[in-house]
Structures are given as C-alpha cells and as structure tokens.
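Asker: If you're matching them up, the sequences are chains A and B in order.
Using the numbering used here, read the first sequence as starting at 10 and increasing by one per residue.
Using the numbering used here, read the second sequence as starting at 202 and increasing by one per residue.
Keep in mind the hints are simulated off the structure, nothing from the lab.
Heads up, a few of these hints could be off.
Taking lysine to aspartate or glutamate and the DMTMM-like style, the derived pairs with C-alpha atoms no more than 20 Å apart in a straight line are [stated by the list, open to error]:
{"no.": "1", "chain 1": "A", "residue 1": "LYS105", "chain 2": "A", "residue 2": "GLU139"}
{"no.": "2", "chain 1": "B", "residue 1": "LYS224", "chain 2": "B", "residue 2": "ASP449"}
{"no.": "3", "chain 1": "A", "residue 1": "LYS129", "chain 2": "A", "residue 2": "GLU109"}
{"no.": "4", "chain 1": "B", "residue 1": "LYS236", "chain 2": "B", "residue 2": "ASP309"}
{"no.": "5", "chain 1": "A", "residue 1": "LYS141", "chain 2": "A", "residue 2": "ASP64"}
{"no.": "6", "chain 1": "B", "residue 1": "LYS355", "chain 2": "A", "residue 2": "ASP120"}
{"no.": "7", "chain 1": "A", "residue 1": "LYS54", "chain 2": "B", "residue 2": "ASP274"}
{"no.": "8", "chain 1": "A", "residue 1": "LYS54", "chain 2": "B", "residue 2": "ASP410"}
{"no.": "9", "chain 1": "A", "residue 1": "LYS24", "chain 2": "B", "residue 2": "GLU242"}
{"no.": "10", "chain 1": "A", "residue 1": "LYS129", "chain 2": "B", "residue 2": "ASP347"}
{"no.": "11", "chain 1": "A", "residue 1": "LYS24", "chain 2": "A", "residue 2": "ASP115"}
{"no.": "12", "chain 1": "A", "residue 1": "LYS122", "chain 2": "B", "residue 2": "GLU342"}
{"no.": "13", "chain 1": "A", "residue 1": "LYS122", "chain 2": "B", "residue 2": "GLU350"}
{"no.": "14", "chain 1": "A", "residue 1": "LYS129", "chain 2": "B", "residue 2": "GLU350"}
{"no.": "15", "chain 1": "A", "residue 1": "LYS122", "chain 2": "A", "residue 2": "GLU109"}
{"no.": "16", "chain 1": "B", "residue 1": "LYS236", "chain 2": "B", "residue 2": "ASP286"}
{"no.": "17", "chain 1": "A", "residue 1": "LYS54", "chain 2": "B", "residue 2": "GLU350"}
{"no.": "18", "chain 1": "A", "residue 1": "LYS129", "chain 2": "A", "residue 2": "ASP64"}
{"no.": "19", "chain 1": "B", "residue 1": "LYS307", "chain 2": "B", "residue 2": "ASP359"}
{"no.": "20", "chain 1": "B", "residue 1": "LYS355", "chain 2": "B", "residue 2": "ASP408"}
{"no.": "21", "chain 1": "A", "residue 1": "LYS141", "chain 2": "A", "residue 2": "ASP59"}
{"no.": "22", "chain 1": "B", "residue 1": "LYS464", "chain 2": "B", "residue 2": "ASP452"}
{"no.": "23", "chain 1": "B", "residue 1": "LYS221", "chain 2": "B", "residue 2": "GLU453"}
{"no.": "24", "chain 1": "A", "residue 1": "LYS141", "chain 2": "A", "residue 2": "GLU125"}
{"no.": "25", "chain 1": "B", "residue 1": "LYS303", "chain 2": "B", "residue 2": "GLU382"}
{"no.": "26", "chain 1": "A", "residue 1": "LYS24", "chain 2": "A", "residue 2": "ASP59"}
{"no.": "27", "chain 1": "B", "residue 1": "LYS233", "chain 2": "B", "residue 2": "ASP338"}
{"no.": "28", "chain 1": "A", "residue 1": "LYS105", "chain 2": "A", "residue 2": "GLU91"}
{"no.": "29", "chain 1": "A", "residue 1": "LYS105", "chain 2": "A", "residue 2": "ASP115"}
{"no.": "30", "chain 1": "B", "residue 1": "LYS370", "chain 2": "B", "residue 2": "ASP286"}
{"no.": "31", "chain 1": "A", "residue 1": "LYS129", "chain 2": "B", "residue 2": "ASP359"}
{"no.": "32", "chain 1": "A", "residue 1": "LYS54", "chain 2": "A", "residue 2": "ASP34"}
{"no.": "33", "chain 1": "A", "residue 1": "LYS122", "chain 2": "B", "residue 2": "ASP347"}
{"no.": "34", "chain 1": "B", "residue 1": "LYS307", "chain 2": "B", "residue 2": "GLU342"}
{"no.": "35", "chain 1": "A", "residue 1": "LYS54", "chain 2": "B", "residue 2": "ASP359"}
{"no.": "36", "chain 1": "A", "residue 1": "LYS24", "chain 2": "A", "residue 2": "ASP34"}
In this text, all values refer to a predicted model and were calculated from it rather than measured experimentally.
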Amino acid sequence: MMIHCRVVTPTGIYKEFDTPILNLDTEDGERGILPNHMPIVTMLKIGMLDSIENDVRTYYAVAGGLFYFRDNQAEIITPAIEQREEIDAARAERAKMRAEKRLSSDNPNIDQKRAEVALKRALNRLHVSEYK
Amino acid sequence: MAQSKQALRSRIRSVNSTRKITKAMEMIANAKLFKQRNRMEANRLYAQRLQDTVDEIVARNPNAESVFITQRDNPHRMTIIFCSDLGLCGSYNQNVLKFARKQLNKTDPTIVIGTSLYRTFKEEGFNLIQEGPYSSDAMNEFILEDFVELGVQKYLNDEIGNVQLLYTKFVNTMTFEPAIETILPAPVEENPSDKETFHVETLFEPDADTILNQLIPQMAANVAYADWMESTTSEQGSRRMAMKTATDNADELSANLLLEFNKARQASITQEITEIVGGSSAV
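Construct the complete structure from the given sequences, taking the supplied hints into account.
Answerer: What follows is the structure in structure tokens.
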C-alpha cells in the first residue's frame, strides 16, 4: 500500500510521489500517516517532513501550511518547501543571522513577528539540512 | 499649402524615432505580460486548494464559529488598492481611480500599492493609512502578507468589518476590468459540489475553528498576492495595447508624411523644369 502525495505551492505543483509513510510536524506534535488512515485535515508547523520514495528516505523542510488526506491521496499545501539536498545552508545561515540581528535591535519599525517567522524558517532549514 | 520639404523631413524623422521607442516598449510589455501570466497561472491551483479546503471545513462543521467567517455589522471596510508605478499604460490607472471613487468610502482606511495614483488618492481625501507611496514593482508576497496582517489586526479589534482588495481583473489579453474582492470575512461557498464524499468522516486536528483561524489569514494573504499578480498582468497587457496603438498611429502618420514629402518633392521638380523650359524659350 502506498500513499500518493502531492505538494502544492504558490509557484505550482512542487512534486508528486508515492510513499508508504509520511511523517509530519503538525501544530499538536509529530504525526505519522500510514496508508488507509482516516481522512484528516491538519495544520503543519514550520518543520520537517519525511517520506520514503523509491525505498529512499527523503527529508523536506516545510514552511508551515496545510495537510489534507483522504482515500490514500495526501496533499501538502504549503507556501514553501525544499528537499534536504536542495537547501542552501549558507543562505539559511545568512538568513538566520539577519533575523537574529533584527530581533535583537530595538528599532520599532522592525516587524518582530516577521523576523521571528524568518528566524524559525532559517533554523528549520539548517536543522533539516544537517539532519542525519 | 504644402509644407516645406525640410520641415517634412524632420517630422518624419521625429515620428520614426518615437515609433522605435513605442515599439520597444510594446515588446517589453509583451515579454513581461507573458512572464507575469505564467506566474499567475502557477498560483491558481494553490489558491483553489486553499479555498476548497476552507469551504469543506465550513460545510462539514456547520457550528464552526471562527471570527473570520462570521459577517459583522461594522460598516467600515479596509481596502488595498493596486495600481501601477509607471504611466503609459492606457486607461489602466484611470479605470482604477474611477472605480475607487464610485465604490469606496473616503473615510475608510485605504492602502494604495503603486506609486502613480498615491498622490491623487491623497489629494482627493482618501484616508490612506500608509506613510508614503509603495512601489508596485517592488512588491512581493511577504510585504503583502504584512498589509493583510494589518487588516487582520484591525478586523480582530473590530475597527473594520471587512477587508477587501481593489484590483484589475485580467479577463483576456484585450479586456481588463477593475473589481473588488472581499478577503475577510472569508467568502465561503455554501454548497460545495462534491456532496457525496461528505458522508466520509473526517478528522480535523486540533479542531475546525483552530484550523480556520490559522488558515484564513494565510489564504487572505495568498488572495492578495494573486490579485496583485493579476493587476500587474493587466497593467502589462494594458501597456502593450496602448503601445501597439501608438506604434500603429506612428506608422500611419509616417506613411502620410512620406506621401506629403514626395508630393512636395515632385512639385518642386516640376516647377524647376517649368522654369528652365520657360527660361530657354525666352532666350
């Protein structure tokens, strides 16, 4: 049994693949979805997603979004996703430093919340890219 | 009275050089239109899936009472208006302006994206809640998200009962219409079409309201992004058409002037011959 998974982003369909398991970071904890799971709709956290595609474990960094599952058809609707191998660690590192600098400055014009989200995304990318 | 050859020649030269510019602008607008349109199409599925999911959650949870789907009595509406940065795009900006005058209440909070109409809106007394003009070309989904976030905050504080976008709809490559789209409270399709699948029980984790409260602001930001792209696509389309008309006019003008010039040239030759013939017969 396989789950057919489709990843939809604002720039189009990122990827479609079949996997026997999907591990997600949802708002209320990590969750593993196996085939024939009951239909579920849940919100994803900024975190990691992993699957087994063609017998290879594949890791993704997901920037939040929505997870939708029914009849073994899964759908990940997310603003941004990268596979571990695609992550530009140097760029994520720079983004992290920029976000940290912004958070530590007391300039009232800086949107703290946005900087926080940016930091979370950068940390997540770094975490996934270093994940073994 | 025919114009002098000299004057005609310089006018032809001037018309042709203007034509070169408008032709180049037409081609640039065409390329940009194509690019922008592809981006717009790519986003469509994402937007559609978000909307479908919201519809489904609401349909399956009739007692969901997220603040983002309940209609409010508050008559104030916040509007984000999209216009262009640059001119020379036909009636694109004028249409937006006319539509805004007709549809909007000047005292309601408004944000204008695009520098060309910022001053006009300000002078007309619209309640702009931004500090300075925002460039439309420098826009991206993150900045738009901030504007939508501002709307969400005002909505939650009950300062406004409605957040909407005034954008230009891209009907086809020749037709563009200004339109208003409401993003908050989220428009929900009451009777989604695929009813038969609704018998299957679905798990909503943690619960429908929590999902809706997170999902709807996300969706609103995406709709704003989509509408901005649609507006810029319309802008490029409008510019392309305006420049095409200008180029065609230049062609026509240049052809007429050339005819005029040749007539003048012919007339002067005829005159010279007459003078020579007349002169020799006198001798």
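Asker: Taking the hints in turn, state whether each one holds.
Answerer: Here is what the structure says about each hint:
1. A:LYS105 <-> A:GLU139: It holds: about 15 Å lies between the C-alpha atoms, which stays within 20 Å.
2. B:LYS224 <-> B:ASP449: holds, 9 Å
3. A:LYS129 <-> A:GLU109: Judged against 20 Å, a Cα distance of about 10 Å means the pair holds.
4. B:LYS236 <-> B:ASP309: Status violated; Cα separation ~35 Å.
5. A:LYS141 <-> A:ASP64: holds, 16 Å
6. B:LYS355 <-> A:ASP120: Distance of about 16 Å is within 20 Å: holds.
7. A:LYS54 <-> B:ASP274: violated, 34 Å
8. A:LYS54 <-> B:ASP410: holds, 17 Å
9. A:LYS24 <-> B:GLU242: Judged against 20 Å, a Cα distance of about 17 Å means the pair holds.
10. A:LYS129 <-> B:ASP347: Since the Cα atoms of LYS129 of chain A and ASP347 of chain B sit roughly 17 Å apart, the hinted pair holds (cutoff 20 Å).
11. A:LYS24 <-> A:ASP115: Violated, at roughly 41 Å.
12. A:LYS122 <-> B:GLU342: Between LYS122 of chain A and GLU342 of chain B the Cα gap is close to 16 Å, so the pair holds against 20 Å.
13. A:LYS122 <-> B:GLU350: Holds, because 11 Å separates the two Cα atoms, which is no more than 20 Å.
14. A:LYS129 <-> B:GLU350: Holds - the C-alpha atoms of GLU350 of chain B and LYS129 of chain A are around 18 Å apart, at most 20 Å.
15. A:LYS122 <-> A:GLU109: holds, 12 Å
16. B:LYS236 <-> B:ASP286: Within the cut-off at roughly 18 Å; holds.
17. A:LYS54 <-> B:GLU350: holds, 19 Å
18. A:LYS129 <-> A:ASP64: violated, 30 Å
19. B:LYS307 <-> B:ASP359: Status holds; Cα separation ~19 Å.
20. B:LYS355 <-> B:ASP408: violated, 25 Å
21. A:LYS141 <-> A:ASP59: Status holds; Cα separation ~12 Å.
22. B:LYS464 <-> B:ASP452: holds, 18 Å
23. B:LYS221 <-> B:GLU453: Holds: LYS221 of chain B and GLU453 of chain B sit about 14 Å apart, inside 20 Å.
24. A:LYS141 <-> A:GLU125: violated, 26 Å
25. B:LYS303 <-> B:GLU382: Distance of about 15 Å is within 20 Å: holds.
26. A:LYS24 <-> A:ASP59: This hinted pair holds, its Cα atoms lying about 14 Å apart.
27. B:LYS233 <-> B:ASP338: Answer holds: LYS233 of chain B to ASP338 of chain B is near 12 Å, not above 20 Å.
28. A:LYS105 <-> A:GLU91: This hinted pair holds, its Cα atoms lying about 17 Å apart.
29. A:LYS105 <-> A:ASP115: holds, 18 Å
30. B:LYS370 <-> B:ASP286: holds, 17 Å
31. A:LYS129 <-> B:ASP359: Since the Cα atoms of LYS129 of chain A and ASP359 of chain B sit roughly 30 Å apart, the hinted pair is violated (cutoff 20 Å).
32. A:LYS54 <-> A:ASP34: Measuring from Cα to Cα gives roughly 6 Å; hence the hint holds.
33. A:LYS122 <-> B:ASP347: Holds, at about 10 Å.
34. B:LYS307 <-> B:GLU342: The hint is violated at about 27 Å.
35. A:LYS54 <-> B:ASP359: Since the Cα atoms of LYS54 of chain A and ASP359 of chain B sit roughly 28 Å apart, the hinted pair is violated (cutoff 20 Å).
36. A:LYS24 <-> A:ASP34: The given pair, whose Cα atoms are some 19 Å apart, holds under the 20 Å limit.
Violated hints, in rising order: 4, 7, 11, 18, 20, 24, 31, 34 and 35; the structure is consistent with all others.
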